[in-house]
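Asks: Generate coordinates for the entire structure from the input sequences, incorporating the hints supplied.
Protein chains in written order, with this note's numbering: chain A, 1 to 284; chain B, 1 to 255.
No lab work stands behind these hints, which were simulated from the structure alone. We put the CB at the ideal spot given by N, CA and C, even for glycine. Relax, there's no trap hidden among the hints.
Quick look at which bits of chain B chain A covers, simulated, 3 or more residues with Cβ under 8 Å:
| hint | stretch |
| --- | --- |
| 1 | 87-101 |
| 2 | 239-250 |
Pair ranges (Cβ atoms, derived):
| hint | chain 1 | residue 1 | chain 2 | residue 2 | range |
| --- | --- | --- | --- | --- | --- |
| 3 | B | Val192 | A | Val238 | 52 to 62 Å |
| 4 | B | Ala137 | A | Asp36 | 35 to 45 Å |
| 5 | B | Pro174 | A | Lys137 | 49 to 59 Å |
Each chain is listed here by its residues.
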Amino acid sequence: MTQRPPDPSAADPSVADSPTLLPPAISVEALTKRFDTPGGVVTAVDSVAFRVARGSVTGLLGGNGAGKTTTISMLLGVLVPTAGRVEILGVDMARHRHAVLARMNFSSPYVELPHRLTVQENLTVYGHLYGLTCVKKRVRDLADQLDLARFLNRPSGGLSAGQKTRVALAKALLNEPEVLLLDEPTASLDPDTADWIRRYLEAYRARTGATILLASHNMPEVERLCDDVLVMRRGRVVDQGAPSDLLARYGRATLEEVFLDIARAGTGPVGRDGLDGSTGGPHP
Amino acid sequence: MVLRYWYLLRGSWPRLLELAYWPTVQMILWGYINQFMATSSGWVAQGGGVLVSAVLLWDVLFRGQLGVSISFLEEMWSRNLGHLFVSPLRPGEWLLSLMAMSLLRTLLGVIPAALLALPFFGYSVFGLGLPLLLFFANLILMGWSLGLVIIALILRYGMGAEGLAWIVTFMLAPVSAVYYPVSVLPGWLQAVAWALPSAHVFEGLRAVVYDGAMRWDHLAWAVGLNALYMAAAVGVFLYGFHRARVRGALLQTGE
Ligand SMILES: Nc1ncnc2c1ncn2[C@@H]1O[C@H](COP(=O)(O)OP(=O)(O)OP(=O)(O)O)[C@@H](O)[C@H]1O
Ligand SMILES: [Mg+2]
Numbered sequence: 001m002t003q004r005p006p007d008p009s010a011a012d013p014s015v016a017d018s019p020t021l022l023p024p025a026i027s028v029e030a031l032t033k034r035f036d037t038p039g040g041v042v043t044a045v046d047s048v049a050f051r052v053a054r055g056s057v058t059g060l061l062g063g064n065g066a067g068k069t070t071t072i073s074m075l076l077g078v079l080v081p082t083a084g085r086v087e088i089l090g091v092d093m094a095r096h097r098h099a100v101l102a103r104m105n106f107s108s109p110y111v112e113l114p115h116r117l118t119v120q121e122n123l124t125v126y127g128h129l130y131g132l133t134c135v136k137k138r139v140r141d142l143a144d145q146l147d148l149a150r151f152l153n154r155p156s157g158g159l160s161a162g163q164k165t166r167v168a169l170a171k172a173l174l175n176e177p178e179v180l181l182l183d184e185p186t187a188s189l190d191p192d193t194a195d196w197i198r199r200y201l202e203a204y205r206a207r208t209g210a211t212i213l214l215a216s217h218n219m220p221e222v223e224r225l226c227d228d229v230l231v232m233r234r235g236r237v238v239d240q241g242a243p244s245d246l247l248a249r250y251g252r253a254t255l256e257e258v259f260l261d262i263a264r265a266g267t268g269p270v271g272r273d274g275l276d277g278s279t280g281g282p283h284p
Numbered sequence: 001m002v003l004r005y006w007y008l009l010r011g012s013w014p015r016l017l018e019l020a021y022w023p024t025v026q027m028i029l030w031g032y033i034n035q036f037m038a039t040s041s042g043w044v045a046q047g048g049g050v051l052v053s054a055v056l057l058w059d060v061l062f063r064g065q066l067g068v069s070i071s072f073l074e075e076m077w078s079r080n081l082g083h084l085f086v087s088p089l090r091p092g093e094w095l096l097s098l099m100a101m102s103l104l105r106t107l108l109g110v111i112p113a114a115l116l117a118l119p120f121f122g123y124s125v126f127g128l129g130l131p132l133l134l135f136f137a138n139l140i141l142m143g144w145s146l147g148l149v150i151i152a153l154i155l156r157y158g159m160g161a162e163g164l165a166w167i168v169t170f171m172l173a174p175v176s177a178v179y180y181p182v183s184v185l186p187g188w189l190q191a192v193a194w195a196l197p198s199a200h201v202f203e204g205l206r207a208v209v210y211d212g213a214m215r216w217d218h219l220a221w222a223v224g225l226n227a228l229y230m231a232a233a234v235g236v237f238l239y240g241f242h243r244a245r246v247r248g249a250l251l252q253t254g255e
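Replies: Okay, here's the thing in structure tokens:
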């Protein structure tokens with residue numbers, strides 16, 4: 001594919017250094033993933049294309065099974081796409097992912113750290129894997145910042161869901177990633193902690209100019225954090241824009257209403273957002 | 001840098017004990033069998049401690065394989081594979097760390113047992129000298145190959161294949177001719193045996209114990225076969241790994 005000029009609407013004006021000279025943080029073209037399952041072929045992601053500007057916070061929305069996690073997995077390179085192309089920081093993930101993995105990181109409450117190791121040990125291991133020079137100091141700093149000092153010497157497996165989420169976030173920040181991918185970063189956090197994490201992410205972005213892509217089911221969170229929003233349905237990106245643009249376009253007051261509009265568009269009450277169409281109501 | 005599996009081990013004394021437990025119990029068991037048979041069988045009597053050496057070396061193969069498989073299973077159990085493979089860790093480096101851990105586990109397991117053979121039976125495997133080192137290296141290599149193939153199978157068939165980690169090596173015991181010469185096997189099984197590095201190692205062991213001679217031909221066979229199997233195993237491992245990335249198995253493994 002030839003280089004197209006970056007989409008001006010995706011560029012974030014709040015970033016001072018000119019992002020136009022650099023390739024976008026994330027660039028995805030015709031990305032498709034089909035899974036062979038016993039029940040037939042499932043198209044989890046269906047020729048998706050989008051760009052994420054450097055230094056932006058982009059939200060990935062969509063109902064359960066819309067393909068968010070699958071998309072993130074392909075961005076990370078842990079999942080091989082059926083077709084299409086992923087570039088992170090200008091690097092082709094299919095060919096040279098090891099060149100860029102050290103500059104990105106990821107956290108998800110659904111992927112865990114070894115249970116029997118203490119938080120400190122886990123973070124230290126990953127610190128080394130990411131090739132940090134002062135692992136000890138970095139772990140201590142992060143523990144202070146994320147208020148983990150009390151858990152450092154406890155086995156990771158014995159923490160509550162919310163505590164684990166914070167540890168996972170600490171792991172994701174170890175290498176000060178330029179590109180941070182978060183799958184539901186505030187799932188299972190209490191409102192106070194979730195808010196605190198959001199502020200932390202905002203501050204992190206402001207300080208480092210990092211790019212953040214986050215999948216979330218929390219609309220107020222997306223409204224508050226994100227400069228840009230990608231809405232997925234049945235494996236496709238069905239809309240993209242700044243939260244304010246989306247609100248204006250759909251004539252709605254909240255992103256939640258926009259989400260419902262999009263999720264229900266043309267599908268009627270059954271087989272709403274999922275691919276399989278078997279899911280009844282929204283998941284709790 | 002990648003050897004941090006050590007934490008896993010260090011963190012649990014019971015596991016360390018467990019590592020040394022089986023080799024020791026086996027060693028004692030076979031030591032007494034050895035002693036008893038020495039009184040009734042000329043063959044065993046002539047080769048002092050042949051069974052003790054055999055059981056210890058057999059454990060090298062078993063531990064070698066288990067060490068690789070278990071370190072991998074620990075990642076599976078803790079659903080950590082996803083994090084591991086979004087880090088800059090390369091599969092090759094990971095492989096080396098698995099092998100290093102396996103070596104450590106094997107040494108921790110087998111050396112105490114080998115040392116205990118001294119007070120129990122006044123027998124030292126270390127008396128075998130350089131051949132011991134060569135036997136050890138060949139058996140652990142074969143263990144690693146097996147371990148890698150088992151990992152590939154677990155990646156493919158999920159935790160259902162987990163049990164393989166414990167049984168595959170045992171299935172090879174009869175044809176590896178650990179405690180008896182290959183010549184007692186029926187013809188067709190002999191053919192199978194000679195295709196295994198382990199059979200060559202144990203045959204070589206008996207040659208050293210009985211004739212005091214190093215059978216370089218057996219060693220060469222063992223090394224050659226090992227090279228072949230290792231190359232194949234690494235190939236299978238990398239392929240299994242690639243397939244797991246296609247099927248999305250890395251992010252959702254676990255129970
Ligand atoms: N490894 C896999 N094998 C088979 N099908 C899969 C696999 N991973 C995901 N899918 C299917 O792909 C579709 C998209 O799943 P995905 O996990 O990306 O959704 P999601 O948007 O993250 O949903 P949620 O909001 O529930 O987290 C679903 O229909 C799911 O069943
Ligand atoms: Mg998901």
